[in-house]
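Take the sequences, apply the hints, and build the full model.
There are 4 protein chains.
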Amino acid sequence: MPSSMGTALRVTVFGQSHSPAVGCVVEGLPAGMRVDLEALAAFVARRAPGNDPWGTPRREPDAPRIVSGLNPNGETCGAPLAAIIENTNTRSGDYGNILSVPRPGHADFAAWAKWHGAQDVPGGGHFSGRLTGPLCVAGGLALQWLEGRGVRVAAHVAELAGIEDEPLEALDNSPAANARLAGQMDALADGRRMPAIDASAGERMVEAVMSARSQRDTLGGIVECAATGVPAGTGSPMFDGIENVLARALFGIPSVKGVEFGRGFAAARLRGTQNNDPYEVRDGRCVPATNNAGGILGGITTGAPLLVRCAFKPISSVMVDQPSVDLTRMEPATLRVHGRHDTTAVIRAVPVVEAVCALGIADALLAWPADPQ
Amino acid sequence: MPSSMGTALRVTVFGQSHSPAVGCVVEGLPAGMRVDLEALAAFVARRAPGNDPWGTPRREPDAPRIVSGLNPNGETCGAPLAAIIENTNTRSGDYGNILSVPRPGHADFAAWAKWHGAQDVPGGGHFSGRLTGPLCVAGGLALQWLEGRGVRVAAHVAELAGIEDEPLEALDNSPAANARLAGQMDALADGRRMPAIDASAGERMVEAVMSARSQRDTLGGIVECAATGVPAGTGSPMFDGIENVLARALFGIPSVKGVEFGRGFAAARLRGTQNNDPYEVRDGRCVPATNNAGGILGGITTGAPLLVRCAFKPISSVMVDQPSVDLTRMEPATLRVHGRHDTTAVIRAVPVVEAVCALGIADALLAWPADPQ
Amino acid sequence: MPSSMGTALRVTVFGQSHSPAVGCVVEGLPAGMRVDLEALAAFVARRAPGNDPWGTPRREPDAPRIVSGLNPNGETCGAPLAAIIENTNTRSGDYGNILSVPRPGHADFAAWAKWHGAQDVPGGGHFSGRLTGPLCVAGGLALQWLEGRGVRVAAHVAELAGIEDEPLEALDNSPAANARLAGQMDALADGRRMPAIDASAGERMVEAVMSARSQRDTLGGIVECAATGVPAGTGSPMFDGIENVLARALFGIPSVKGVEFGRGFAAARLRGTQNNDPYEVRDGRCVPATNNAGGILGGITTGAPLLVRCAFKPISSVMVDQPSVDLTRMEPATLRVHGRHDTTAVIRAVPVVEAVCALGIADALLAWPADPQ
Amino acid sequence: MPSSMGTALRVTVFGQSHSPAVGCVVEGLPAGMRVDLEALAAFVARRAPGNDPWGTPRREPDAPRIVSGLNPNGETCGAPLAAIIENTNTRSGDYGNILSVPRPGHADFAAWAKWHGAQDVPGGGHFSGRLTGPLCVAGGLALQWLEGRGVRVAAHVAELAGIEDEPLEALDNSPAANARLAGQMDALADGRRMPAIDASAGERMVEAVMSARSQRDTLGGIVECAATGVPAGTGSPMFDGIENVLARALFGIPSVKGVEFGRGFAAARLRGTQNNDPYEVRDGRCVPATNNAGGILGGITTGAPLLVRCAFKPISSVMVDQPSVDLTRMEPATLRVHGRHDTTAVIRAVPVVEAVCALGIADALLAWPADPQ
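Protein chains in written order, with this note's numbering: chain R, 1 to 373; chain S, 1 to 373; chain D, 1 to 373; chain Y, 1 to 373.
Hints listed in this document are in silico derivations from the structure and should not be mistaken for laboratory results.
All figures in this text were calculated on a predicted structure; none of them were measured in a lab.
Ideal Cβ placement from N, Cα and C applies to all residues, glycine included.
Just to be clear, a hint being listed does not mean it is correct.
In silico negatives: residues of chain S with every beta carbon more than 10 Å from chain R [as the list claims (entries may be wrong)]: (1) Gly148; (2) Phe265; (3) His338.
To be clear about the criterion: a stretch of chain D counts as covered by chain R if any three or more of its residues have a C-beta under 8 Å from a C-beta of chain R, and this derived list gives those stretches [said to hold, decoys possible]: (4) 2-11; (5) 24-34; (6) 313-327.
Partner residues are not named here, just some residues of chain D that face chain S (Cβ under 10 Å, in silico) [as the list claims (entries may be wrong)]: (7) Ala79; (8) Gly148; (9) Pro237; (10) Ala367; (11) Asp371.
This is the structure we're talking about:
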């Protein structure tokens, strides 16, 4: 179903921007996992709006209430875990003529064409970025399970307004590169406001955001995510490989228009002798020496870090007049989006990408692990 | 399941490079469709090896035998359609030490890690490009069904060895651009050996391939695919949108490492005012004037052409010595790949991308059409 | 996933007997359906406990709160509909030693074996009859959609303590039988306390229940359900036929141990000449004259009424000492169940069977309708 | 999809009675299992027609050709296993007017209503009992895997023409009953022509079949199946429990109209004190002393034998005139079925029920095992 994903670990997301609540149901979490509710709330808070000068002033506590799936000891009990986030701070009045005039770049028109006017329009309905809240709840639970298995996931803003952050050290698989990657992951976990590895790049990104905001315009960017500790042999051939599962999931985040693994599009310009990752023996095990493949061959992990990059288009809600159409009269109309909006999706999207990658990786570990020997 | 995909139109692909046969089962084809077996064979032949100086000399007739799913009139009958392609021309001897020494860039090592040595090694087993044959059978059937609905799908080699073809005219949605795109699609349908729009670019690509081949090296590239005639309102929010479905499917083609829609990664550097597609009234209907979105917003079609690009890494089978590991002794080993191999995947991949896109689009039209009004 | 079902109309049920809430997410409801919340509450109330002398004294308002899936006009909007029922009246103290001593006939021991003690024990956890509340919410929505398509669903207690109700007139398909069946459905819709067609049989059933209750024992029984108005050609061959879908769903209701369609087990003693339903022309259409098949052949509807019967075992919570095992000490133990329990499941199960049948039929109509002509 | 089933072990069945071939694809067989092709052929041969005086004279070698999924050592390799059975002995001429006149009791009319005449009519098309051949191939593979896990599956004709066989000793779970059940399973494995435990009951069944055959009539019956060795804690709550999975699968066998587990419908007439299975300690483990539940509570196994019974309606192809309708003229018509047909399905269905149960149980063990401790 459209709002569900996963084979052995399945998440179903519900809610609309202005419905009474948003939430998720997570099926397949292994029983007996103690859930750290504080850590979960802290993770979810990373995507919450209202914390930063460049974001929407809408303040959402986003505190998830878990209404099922735990036993009296606070452990997962094998039954579906449901979490609810109440929508307390909705202001439908702001959305004026978008009820009949679709906002360029938003899903308004596509949803109208699909549901012939029955779609829930205010705030983007089910297409709203608000739905990434429950995704983070589900992903935060997956992260806790992964942590117990030695898997670590971290993302950063790799590019914003043309400004590039230091890349994650994941295209190499040498011990030195692995150590540098671990250091980058540590650094990103320190709670910095702008999730960039290079603080000075981060500052320039903030400036670019403030500048675009002052021009009533918006920005796109790239989020890069790495995962370490996923054992070799996880995943599947063909259509349920790690790349397939993650790509399907990542394109479910609003504004994502491109996904690449390892060298990705850059590999298209390489030769085989440049792009192949040779194998070597390390600690008695076979490992790829380099990691142009981003840790995945034939859909299955090689044991090297997973590396994925997602392109986000600029947020659609620009504050200038845009040509559109009044769908009730089928006449040209000019639209000016009001309301409270972010200038860029990529900053708040960083934990969302981590959440979605965690869900996909946990699902692969549960559904498509290496066969027992 | 890993080797299956689709919600309402489901394809299951089976076979290994050197198994007795490869094939597919297609479930969900609407009943009563007359299958043009000749057109199907012609489509499948476009990816068959052995036709060109740059390809593997392995000749595979690839003639599919349909063993179920048709009624005596040659129409689909509602039951699963199964097609078999016999493997007549296999030469296991060529694969020598790859049984214990994984080829860099191939899935050999990942499969060994997953199945602990039980995987079928010769020729790449289930990971072989040979499996794109049955995919083309299934996709060729989907293309016939789409044609009856006014949907057209065409791909080309957009880039090879850094040489770019003329892009498909699909980022604009003006009547003039639509007409130019139709002309490009006509041109690509003329059976040209090198599927490039610009014949001179195509010639330079061939030269680059021959040059890399003489250096025992291989090349990556980019395949671009457009589809027209998909009605607005097709698809779904979140995880079963057109992008999700196509991305999951396209990453199932061997060597694909990146997928982007519309402006894709380039959109990450644009501002909202540049990237938003305004709406206008045309023939009494609302249409996007431009098409930076590649025809998809919120996972749902806008009525503008679909546009997707796939990055292919260079083929892994380079003909030079490569460092690897003997997995039975867990010792370093040097590998030289023998056998018959293509120099690049992107040329033969063009019909495969068309096939996979056709399968995804047909599935979306059947599973997630606009609601009936 | 275990707690989800459906292909095009998917319901996911969450909650435990004593978790903060129970609820469901319904995906795939066609957009634009106005939901009658009052009718929904009335339907759900039919299964609510505490209304009758023979039931548990636990009073649950069971008023579902719909938190997503509706647009401001109260119509389905295409997004998942989520409904929450708060658990306000839980008394964990009643469940004493069942935490370590499994109740015979309950799922306690099986759940302990599966989840090694992490399962949520009090009140039966996710296995509780309480979870049929959200099922009725989902099924009540399906019933409203079906009503708009001319489909009617009605069930009754066909047998309880050996006392048989008048059977539904659905094994015949004559116009007279169809009229009598419609009359039976009207009668059952009048809100009678005991859902039996024959009031005197119903009275005797009540007496039998009160008698068993006074003996601290419990009773099983049979619920029979018919559906009219499902067009011929709905459903699928093999594993997604109407029988497959309904059987899978009905065995999800606690205590169901048998499911049969049409003549069911009795057909095993008939000859072909007795059991075949001949065809005749009626109003210019081909119809089966009789309906031993229960409206389904090859998994696909014939246009005659659907008829299904479900056997419910007696409720496990008898109020007498039973031999069991203390799982923490792995020693024999005697268990006496306390708490508030029904004497039989079949009375409250009547709307649950209607709900589950409605979900299955609506799913079949959406996922496996007759092909468009 | 209708012709597929399974979560972790998925079988897709293709073919029609008179299509070039029938077959199956099995996905999810654990890698490294050596397939005993001879044992597989012997199992499949048990359902093959033409061996007995009461059966259809159609002789089908039914030798499956495995075309993928094995490595050069004859072991499963992790890729989908596909098997083909060629249809060599088809005689379409026998089916005369059934092309326009549906046979009472067959799926002809329902299929016509669904596919508007595009269905494959001869021999029943995809609804033919012929499709149970590939099911037996898939189930035979599952049986080999289960055998390696200590799971045993055996079925018999429990009732035919009102004649009852000795029941399987599975409603008790005492060591003595377990031993008797093992003995019954041994006896049924001896290759007897009539799969009944009590040879004299078997002889009377044969006589009843020959008698009905001489009267051009057909018979229904009941097949009972038990499985031992399934560890406690296998399965799932709600909709993916053992009962749900098996019921969905068993209703996919042509002619099945009822399915019950343990006491089944008889439990509806018992009291809780009679039907509950008390627990006791045996060999340091908790086990149910009796087995009225048929080894399943809350969808999850208790460790006691699984017990399921399936009601088969009489075969529809009676050799006498039957009223029907000519669908092309929509006029009454008289139909006499010609061709070669069985007198009862239940004898040949015995290995089919074993196959389907094996597939369901293997799937549950792979998809829904007890959580790792």
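Are there hints from earlier that the structure breaks, and if so, what are their numbers? Violated: hints 2, 6 and 8.
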